[in-house]
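Trainee: One letter stands for each residue in the lines below.
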Amino acid sequence: MKTTRTIFQDGDHKWIAIVRDPDKPNHLIDTNEYLVTHGGQGMLLDPGGAEVFPAVFSALSSEFDPSALAAVFASHQDPDTCSSLALWLEFNPAMRCHVSWLWSGFIPHFGGNADTFVSIPDEGADLSLNGLTLRAVPAHYLHSSGNFHIYDKVARVLFSGDVGAALLPPGEDGLFVEHFDKHIRHAEGFHRRWMGSNEAKRRWCERVAQLEIDMLCPQHGAIYQGEDVQRFINWFDELQVGIVNG
Amino acid sequence: MTTALVQAAHKAPQAGVDLMRIVRINEEIKSVVNVAFKINIMALNAIFLAKRAGTAARGFGVLSNELRVFSQDLRDCMSSLSGLVHACVDDVSRMLQDIRHTRLLRQAVATSSKPEFAAVLAAREIENERHAQSFAGQRRQLKRSLEDAFRMVELGGVLAKSAKIEAAYGQSFAVPLSQVSSEFDGVVEEIRVSLESLRHSAFFATK
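Residue numbers (the working numbering), protein chains in the order written: chain A, 1 to 246; chain B, 247 to 453.
Derived from the structure by calculation, the hints contain no laboratory data.
Any given hint could turn out to be false.
[To be verified] Taking lysine to aspartate or glutamate pairs in the DMTMM-like style, the calculated list, with each CA pair at most 20 Å apart, reads:
| # | chain 1 | residue 1 | chain 2 | residue 2 |
| --- | --- | --- | --- | --- |
| 1 | B | Lys410 | B | Glu435 |
| 2 | B | Lys276 | B | Asp336 |
| 3 | B | Lys360 | A | Glu63 |
| 4 | B | Lys360 | A | Asp78 |
| 5 | A | Lys24 | A | Asp65 |
| 6 | A | Lys182 | A | Glu227 |
Excised from the complex, chain A in its bound form (with noise of 0.2 Å):
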């Protein structure tokens, strides 16, 4: 099962990591969901795979009802990101799912009907979780041709998708960045090779640099926190990207 992290609380206000499944097959990639909460309304950031629906769930039952998930939010069109979305809508028939406009004739092919969708347009939008606004910031061709992030203004949090992801040796797995040199070479091949678009990159480095961020929650790996997330950012900005050996 996995476990969830409270990242930020104010009043009824949070953000719950739900992280890491000693049981998860290796031959799956390991996913980071984010559940925000606000006035007793849930929305799950990348809700994740069918397979790891069971734990995803069990974690997220033990802090939420799961059937007061007011939506979900697919940061892109993978798999690991929302093939579990016919499950959740067991729990809650009239559950939302927010995608870009490009893959809401895609996504459906997981689950759901006309009215589960919500497009989000190339340009962004503001969601809304009971009053609580949630941005959802452009980030095409990082890596998907159709990707948003998602900012939440008041707790400094963005949840930044496969942008920020490593993939972690087992023994360093840890929730948050702990040094950063370390940490970002199990970032930089996952970068180079997934990220598509230098033109696409720098105009997300310049965007989100104007946003007050505390922590950048990636869908995989670990979370960037305090002076790492711009210290991740530049990084980033230098990156050269879409590149391939062979």
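Given chain A, put chain B in place with the hints provided.
Mentor: Same frame as chain A, now just chain B:
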């Protein structure tokens, strides 16, 4: 393992096997459709041949017409069978999805004691049962339609054999008429054998 888990573990490979069997049935039906088309062409040639042979082959001509009608009926019948096969494929695919879906839901719900989660699982299992019933109905309908097709082909076999007898009265056309009627008989027998094997497919032995 709980009883429900044991049942689910049995259902998954069975649905996979059913899917493979139904795909094989579909391939066999496609080959019968091709043969049925061949009978249509053969019957047309036989009608022209009978016309050339004149009064001596009048009976053969009537039978050729009947065989042509038979080939059309057979094609319609096969088309309807194909529709049923596709419906079965849809149902089995849905059941395979149900099995995975239910396995994951069951694992998730097992970690909680909240009764409302058990209700979600129960609702899912009712839906699964509905899909299973639909599949069982499609399977029964397919079996009935195959039996109808088999009877139709047996009638086609009688027509082909009668054509063989009529060919003997074809005087100077007796040899070509006999050749054509033997071809009819051979092709109809080929279809009969195909349908016979389909009737005994293990797909229909599963409850």
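Trainee: Indicate, hint by hint, whether the structure satisfies it.
Mentor: Structure-based check of each hint:
As the CA atoms of lysine 410/B and glutamate 435/B are separated by approximately 14 Å, the hinted pair is consistent with the 20 Å bound. At roughly 18 Å between alpha-carbon atoms, lysine 276/B and aspartate 336/B fall within 20 Å of each other, so this suggested pair holds. A threshold of 20 Å between alpha carbons decides the hint, and for lysine 360/B with glutamate 63/A the separation of about 13 Å falls inside it, so the pair holds. Our distance criterion of 20 Å between C-alpha atoms is broken by lysine 360/B and aspartate 78/A, whose separation comes to about 31 Å.
At roughly 23 Å between alpha-carbon atoms, lysine 24/A and aspartate 65/A are farther apart than 20 Å, so this suggested pair is violated. A distance of roughly 15 Å separates the Cα atoms of lysine 182/A and glutamate 227/A; the hinted pair therefore holds under the 20 Å criterion.
In this structure, the hints that do not hold are numbers 4 and 5, in rising order.
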